[in-house]
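Using the sequences and the hints, build the whole thing.
Number of protein chains: 8
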Amino acid sequence: MTLKVYLSGEIHTDWRERIVEGAKGLDVAFESPVTDHAASDDCGVSILGEEPDKFWHDSKGAKLNAIRTRRGIEQADIVVVRFGDKYKQWNAAFDAGYAAALGKSLVVLHPQEHQHALKEVDAAAQAVAETPEQVVDILRYVLTGALPGRAGAAAE
Amino acid sequence: MTLKVYLSGEIHTDWRERIVEGAKGLDVAFESPVTDHAASDDCGVSILGEEPDKFWHDSKGAKLNAIRTRRGIEQADIVVVRFGDKYKQWNAAFDAGYAAALGKSLVVLHPQEHQHALKEVDAAAQAVAETPEQVVDILRYVLTGALPGRAGAAAE
Amino acid sequence: MTLKVYLSGEIHTDWRERIVEGAKGLDVAFESPVTDHAASDDCGVSILGEEPDKFWHDSKGAKLNAIRTRRGIEQADIVVVRFGDKYKQWNAAFDAGYAAALGKSLVVLHPQEHQHALKEVDAAAQAVAETPEQVVDILRYVLTGALPGRAGAAAE
Amino acid sequence: MTLKVYLSGEIHTDWRERIVEGAKGLDVAFESPVTDHAASDDCGVSILGEEPDKFWHDSKGAKLNAIRTRRGIEQADIVVVRFGDKYKQWNAAFDAGYAAALGKSLVVLHPQEHQHALKEVDAAAQAVAETPEQVVDILRYVLTGALPGRAGAAAE
Amino acid sequence: MTLKVYLSGEIHTDWRERIVEGAKGLDVAFESPVTDHAASDDCGVSILGEEPDKFWHDSKGAKLNAIRTRRGIEQADIVVVRFGDKYKQWNAAFDAGYAAALGKSLVVLHPQEHQHALKEVDAAAQAVAETPEQVVDILRYVLTGALPGRAGAAAE
Amino acid sequence: MTLKVYLSGEIHTDWRERIVEGAKGLDVAFESPVTDHAASDDCGVSILGEEPDKFWHDSKGAKLNAIRTRRGIEQADIVVVRFGDKYKQWNAAFDAGYAAALGKSLVVLHPQEHQHALKEVDAAAQAVAETPEQVVDILRYVLTGALPGRAGAAAE
Amino acid sequence: MTLKVYLSGEIHTDWRERIVEGAKGLDVAFESPVTDHAASDDCGVSILGEEPDKFWHDSKGAKLNAIRTRRGIEQADIVVVRFGDKYKQWNAAFDAGYAAALGKSLVVLHPQEHQHALKEVDAAAQAVAETPEQVVDILRYVLTGALPGRAGAAAE
Amino acid sequence: MTLKVYLSGEIHTDWRERIVEGAKGLDVAFESPVTDHAASDDCGVSILGEEPDKFWHDSKGAKLNAIRTRRGIEQADIVVVRFGDKYKQWNAAFDAGYAAALGKSLVVLHPQEHQHALKEVDAAAQAVAETPEQVVDILRYVLTGALPGRAGAAAE
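Protein chains in written order, with the UniProt record's numbering: chain A, 1 to 156; chain B, 1 to 156; chain C, 1 to 156; chain D, 1 to 156; chain E, 1 to 156; chain F, 1 to 156; chain G, 1 to 156; chain H, 1 to 156.
Honestly, the hints are just simulated from the structure, not real lab data.
For clarity, every value in this text was computed on a predicted model and none was experimentally measured.
Even glycine gets a Cβ: it sits at the ideal position worked out from N, Cα and C.
Careful: at least some of the hints might be erroneous.
[Unchecked claim] Straight-line alpha carbon distances no greater than 20 angstroms define the calculated SDA-like cross-link-like pairs of lysine to any residue that follow:
| hint | chain 1 | residue 1 | chain 2 | residue 2 |
| --- | --- | --- | --- | --- |
| 1 | G | 54 | F | 36 |
| 2 | D | 54 | B | 114 |
| 3 | A | 86 | G | 146 |
| 4 | H | 86 | F | 87 |
| 5 | A | 88 | G | 3 |
| 6 | B | 4 | C | 1 |
| 7 | F | 4 | A | 54 |
| 8 | A | 54 | G | 22 |
| 9 | D | 86 | B | 87 |
| 10 | A | 88 | G | 85 |
| 11 | A | 88 | G | 10 |
| 12 | A | 88 | G | 117 |
| 13 | H | 88 | H | 114 |
| 14 | E | 4 | H | 30 |
| 15 | B | 54 | E | 55 |
| 16 | D | 54 | B | 117 |
| 17 | D | 54 | B | 111 |
| 18 | A | 4 | A | 18 |
| 19 | A | 86 | G | 113 |
| 20 | A | 4 | B | 3 |
| 21 | G | 4 | H | 27 |
| 22 | H | 88 | F | 130 |
| 23 | E | 4 | H | 4 |
| 24 | C | 4 | F | 130 |
| 25 | H | 88 | F | 87 |
| 26 | C | 86 | E | 86 |
| 27 | E | 54 | B | 51 |
| 28 | E | 86 | C | 30 |
| 29 | B | 88 | D | 87 |
| 30 | B | 4 | A | 86 |
| 31 | F | 86 | H | 85 |
| 32 | B | 86 | D | 115 |
| 33 | F | 4 | C | 30 |
| 34 | G | 24 | G | 146 |
| 35 | F | 88 | F | 36 |
| 36 | C | 86 | E | 84 |
[Said to hold, decoys possible] A short, non-exhaustive set of chain E residues, derived as facing chain C with CB atoms under 7 angstroms:
| hint | residue |
| --- | --- |
| 37 | 15 |
| 38 | 18 |
| 39 | 59 |
| 40 | 63 |
If you want it as structure tokens, here you go:
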């Protein structure tokens, strides 16, 4: 059965594209948040009307985005959460906690330097990766039993 | 994956048609209650036998209708609840509460004048809209990341 | 979406056939228990080996049948439970309780004479019918909004 | 074990007091929303800061009140929902839907004149009463088996 | 921790008393339905008003009784269901199915003669007993590890 | 609807092949763990980097494998767990417990000699088989009602 | 009933003490993580043995701490999450997501400057506060209906 | 709040006593299976009647014991599973899987030699200990924040 994977977190590098590209040929369906930063920030007021107060501007947008992100997490078999180099990225950690509470398989993707700060998130994960290519290897292994440099032994 | 949307509430204006029409081309599947008022009122006794007492006449019908409405809400990703100008519309508010308790994404659609009376319902919602076209914009954004007057950045 | 209906209970009359036949053309998928009485009674020992003690003979069979019946109920939108004229039919009432606890829409089908004895089961149901044709009418109404002798107003 | 009862809905008559008073001596613990209308309306801005926009004024308050009301419903064995003569009372119907979705035993209390408009809510209830005294009788019967004018036969 | 036991089913013999009496000194809390047959039949109309139609007379009562029975089952660790010599006892089988679907430990108590007719219910049970004294032995063993004629080895 | 079956446990004999082969023509979808012993042991370090400590070597691999095994169990209608002649096979028993807690239909497959040691696992199962062919017979019966040596009476 | 409150997040200021102190006299039971930074970091290796690799040192500790934090969140009625001025605080956001997925009432406490970065977390909350005293006011209102500067109208 | 701990697994050494003794003074409530081997094996037939077939002898007993063990696991905050030197101990691994599926905090206790064979069980655990004293340290830390050789910083 198609493996459903939600790609949460950082939106400023090409990690999603590298995973999607690397997983070509595997029976995986990817979902992700809206990754257009401006659209994601302004969607609430753009559709439902302007707010003079930044708090409500943001709240309206965040609530709309949550329709998509929660559905993506709830329907996923695996939730991959990427922490990048910049920003607070509290929404990524929030998604990780949300996924963990639902019993989803969590894969965390982050550079070595965040290791200590992410220890609680990592400890809730099935795997902690440093590169998108490792995530692709995980998806391939989970579906086919194939490891890098070896032939897969168990076709799905 | 197809977005499942349940359209609950008012049955006397064309708001459902405007949403369904506006969402053409989007990967959305709509469900709704039986919107033929007379059929909805009389379905119980029509199928299962007359009742002299109005209470049981109504109870038989409401229980049959609940088979459809609960299934519609339980299978939905998003529940849109419309409050119109007339009638008590307690069934609409009941559906909203039912959807909220199940953790569904709730979108409320009502004219400005009902704002105060609907504050508890609105507070449970991911979005509060005034027009069916805003609901269409929400569905489009959730699925594609496209905002009104902007090109979508994240195809589903 | 296809309406999933499980037909539980009595296996000695043609009520299932009448419902399946009557629902032709509707988007309904039916499931039911194994209705071959002898196979149902003997399946356990037939596959897993004879038992000298009648209790274990029956237990082995009932446990195998439960794989099918519980799956049928758990996957159903509507569980129809038929009580006929003969036998204790405790398995039918058990299925009704099982379905009720899972929050399934329950439709009970029984002759008038069992009304008092079935009052707890009927009270947990969305509808109590006396004929298979009424069950067909319910399925049609739930899916299409059409009532007997009227044109349907709300296509699914 | 103590019967937990949540009293939702109308806040302008003494129905809660009549139930609490009538249930004296029974092992019942009552919870209810904040029934001070002004406090309930203004709690959000009073604690968290003023809002120039009425929508957000109301939203802040409704969200705070929801902490109490949802906890009350979620912990209850029985949810009593009262519909009075005035106002839209959509929050009462919302609570009823919320309780129904959680599988709570629902008791609806309303004057005869609302019967048709409340048919969906009534159809989800275990009992529909017209007076607070009937609700007391229900609580007494559920706990002790005693009926009005008869001695109870089954002490809890 | 106190073992919570719900005693469902037959109300015309003294099996409940024998279990409660036999379990004296054990940390068990028993619940049961209202066992006054007349009160149980008439509770609905007695509190909520007469019904000329027997079906609704019974429905009103069964719905009130369900408040107590479902709470009893939902809060129990063990649900004991007794089938006696007389009547259809479909409510007992309904309770057994309800308990099984909730994952409760089910103990069935019935005379040998009902063995075949109850095979589906028995197959869902953790134990099938013929006498109330056996049920007492089960409760004692579950709590203390003591068996009939042996000293208990594991105090709770 | 397609019957989903997860084949857990022993990976050193051809029992899976015999079941899959025997079930040809039946509407069954099989899932299983990665059965390449070396890949299964080394997947973690192979993808995510070497570990000098055997404990973490194994932990990394077991966590990756759990992504596949838990998904397989959670999506299954029936979980078949095979205990063979060798090794501790604690992962098989762990899977059985995992499946039981989720309410899955459990079928245990083991040689007679393990009977006493597996009594708790067997007692949680719907069926205990000794040969893969018996498992095939179970799947056929559950889907079609056909027994070995008899024509099926209830097509799915 | 005692209100159960879990205090998650920042451990370097006295916000917990101010809330606990302010809530004196209210029927609230507080839980929190281990707030001794050194103990929290080293608990895993201190009890279960040293790890040369920092990743596993941290993992062992984070997994132990999760026993306490998840229990605290799962048993809470209200989860308060505090974001302070320093550090990444991803564990705080993880806890907020975990609480949101379980349907807990979430109260977020943070300085104004984090508003935009916390918009997704805030949008999932029932209240967003800036001071511990506001949290105390919320707890008092939820329990008693009393607002700052007004007498409470609804004792619990 | 009292920490509830279930002690599953090996019954031939004094590990339970050492944990219970070591935890004196902590707010912990322990539960465990019946640890009298003979009583545990024979409880079914001792109470419910002899069985000539060993399989049913064992099945009757295992089903009775499951009433106690499942309740113990379901009510626990922490499930400790001990694997000793002897026997297959599949019931211990079954309990571990059962606990994991319910989201319980799992602590595994086993000698070093079983490390590889228990890797799937260990990978599902929050902690892997080798001595009962380490388990006591974990319980103390979870409740009080105190570590061995340090003063506790966070009283519960």
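Quick rundown of the hints versus the structure:
1. In summary, the hint linking residue 54/G to residue 36/F is not supported, as the alpha carbons are separated by about 31 angstroms, beyond the 20 angstroms threshold.
2. Restraint check for residue 54/D and residue 114/B: the C-alpha separation of about 12 angstroms stays at or below 20 angstroms, so the hint holds.
3. Between residue 86/A and residue 146/G the alpha-carbon distance is near 43 angstroms, which puts this suggested pair outside the 20 angstroms criterion.
4. Restraint check for residue 86/H and residue 87/F: satisfied, since their Cα atoms lie roughly 13 angstroms apart, inside the 20 angstroms limit.
5. Note on residue 88/A and residue 3/G: the hinted pairing is violated, with a Cα-Cα distance of about 32 angstroms set against a maximum of 20 angstroms.
6. At most 20 angstroms may separate the alpha-carbon atoms for a hinted pair to count; residue 4/B and residue 1/C meet this at roughly 10 angstroms.
7. Under the criterion of a C-alpha separation no larger than 20 angstroms, the hint pairing residue 4/F with residue 54/A is inconsistent with the structure, at around 50 angstroms.
8. A hinted pair counts as satisfied when its Cα atoms are at most 20 angstroms apart, and residue 54/A with residue 22/G does not qualify at roughly 30 angstroms.
9. For the suggested pair residue 86/D and residue 87/B, the alpha carbons sit about 13 angstroms apart, so the restraint of at most 20 angstroms is met.
10. The suggested pairing of residue 88/A with residue 85/G holds, with an alpha-carbon distance near 12 angstroms, which does not exceed 20 angstroms.
11. Of the supplied pair hints, the one linking residue 88/A and residue 10/G holds, its CA atoms being roughly 15 angstroms apart against a limit of 20 angstroms.
12. Distance check on the hinted pair: residue 88/A and residue 117/G sit about 6 angstroms apart at the alpha-carbon level, within 20 angstroms; holds.
13. The hinted pair formed by residue 88/H and residue 114/H meets the criterion: a straight-line CA distance of about 12 angstroms does not exceed 20 angstroms.
14. In summary, the hint linking residue 4/E to residue 30/H is supported, as the alpha carbons are separated by about 18 angstroms, within the 20 angstroms threshold.
15. Our distance criterion of 20 angstroms between C-alpha atoms is met by residue 54/B and residue 55/E, whose separation comes to about 15 angstroms.
16. Between residue 54/D and residue 117/B, the direct Cα distance comes to roughly 12 angstroms. Compliance with the 20 angstroms bound is thereby established for this hinted pair.
17. Taking the CA atoms of residue 54/D and residue 111/B, the gap is near 15 angstroms; set against the 20 angstroms cutoff, the hint holds.
18. A C-alpha spacing of about 17 angstroms is found between residue 4/A and residue 18/A, which places the hinted pair at or below 20 angstroms, so the restraint holds.
19. The straight-line distance between the Cα atoms of residue 86/A and residue 113/G is roughly 17 angstroms, inside the 20 angstroms bound, and the hint therefore holds.
20. With a C-alpha separation of about 15 angstroms, the suggested pairing of residue 4/A with residue 3/B holds against the 20 angstroms cut-off.
21. Between residue 4/G and residue 27/H the alpha-carbon distance is near 18 angstroms, which keeps this suggested pair within the 20 angstroms criterion.
22. Proximity of residue 88/H to residue 130/F is assessed by CA-CA distance (about 19 angstroms); at most 20 angstroms being required, the pair is judged to hold.
23. Of the pairs offered as hints, the one joining residue 4/E and residue 4/H holds, with about 17 angstroms between alpha carbons and a cut-off of 20 angstroms not exceeded.
24. This hinted pair does not check out: residue 4/C and residue 130/F have alpha carbons roughly 35 angstroms apart, beyond 20 angstroms.
25. With a C-alpha separation of about 9 angstroms, the suggested pairing of residue 88/H with residue 87/F holds against the 20 angstroms cut-off.
26. A threshold of 20 angstroms between alpha carbons decides the hint, and for residue 86/C with residue 86/E the separation of about 15 angstroms falls inside it, so the pair holds.
27. Restraint check for residue 54/E and residue 51/B: the C-alpha separation of about 13 angstroms stays at or below 20 angstroms, so the hint holds.
28. Restraint check for residue 86/E and residue 30/C: not satisfied, since their Cα atoms lie roughly 35 angstroms apart, outside the 20 angstroms limit.
29. Annotation: proposed proximity of residue 88/B to residue 87/D holds, straight-line Cα distance about 9 angstroms (limit 20 angstroms).
30. Taking the CA atoms of residue 4/B and residue 86/A, the gap is about 35 angstroms. The hint is violated against a cut of 20 angstroms.
31. Note on residue 86/F and residue 85/H: the hinted pairing holds, with a Cα-Cα distance of about 17 angstroms set against a maximum of 20 angstroms.
32. About 17 angstroms separates the Cα atoms of residue 86/B and residue 115/D, which keeps this hinted pair within 20 angstroms; it holds.
33. For the proposed pair residue 4/F and residue 30/C, the alpha carbon gap of about 18 angstroms is at most 20 angstroms, so the pair holds.
34. Under the criterion of a C-alpha separation no larger than 20 angstroms, the hint pairing residue 24/G with residue 146/G is consistent with the structure, at around 15 angstroms.
35. A C-alpha spacing of about 18 angstroms is found between residue 88/F and residue 36/F, which places the hinted pair at or below 20 angstroms, so the restraint holds.
36. Restraint check: the Cα-Cα separation between residue 86/C and residue 84/E comes to about 18 angstroms, which is no more than 20 angstroms; the hinted pair holds.
37. Because the smallest distance between the Cβ of residue 15/E and any Cβ of chain C comes to about 18 angstroms, over 7 angstroms, the interface hint for this residue is violated.
38. About 23 angstroms separates the beta-carbon of residue 18/E from the nearest beta-carbon of chain C, more than 7 angstroms, and the hint is not met.
39. At its closest, the beta carbon of residue 59/E sits 5 angstroms from a beta carbon of chain C; the interface hint therefore holds under the 7 angstroms criterion.
40. Below 7 angstroms, beta-carbon pairs count as interface contacts, and residue 63/E has one with chain C at about 5 angstroms; its hint therefore holds.
When held up to the earlier numbered hints, the structure conflicts with 1, 3, 5, 7, 8, 24, 28, 30, 37 and 38 and fits the remainder.
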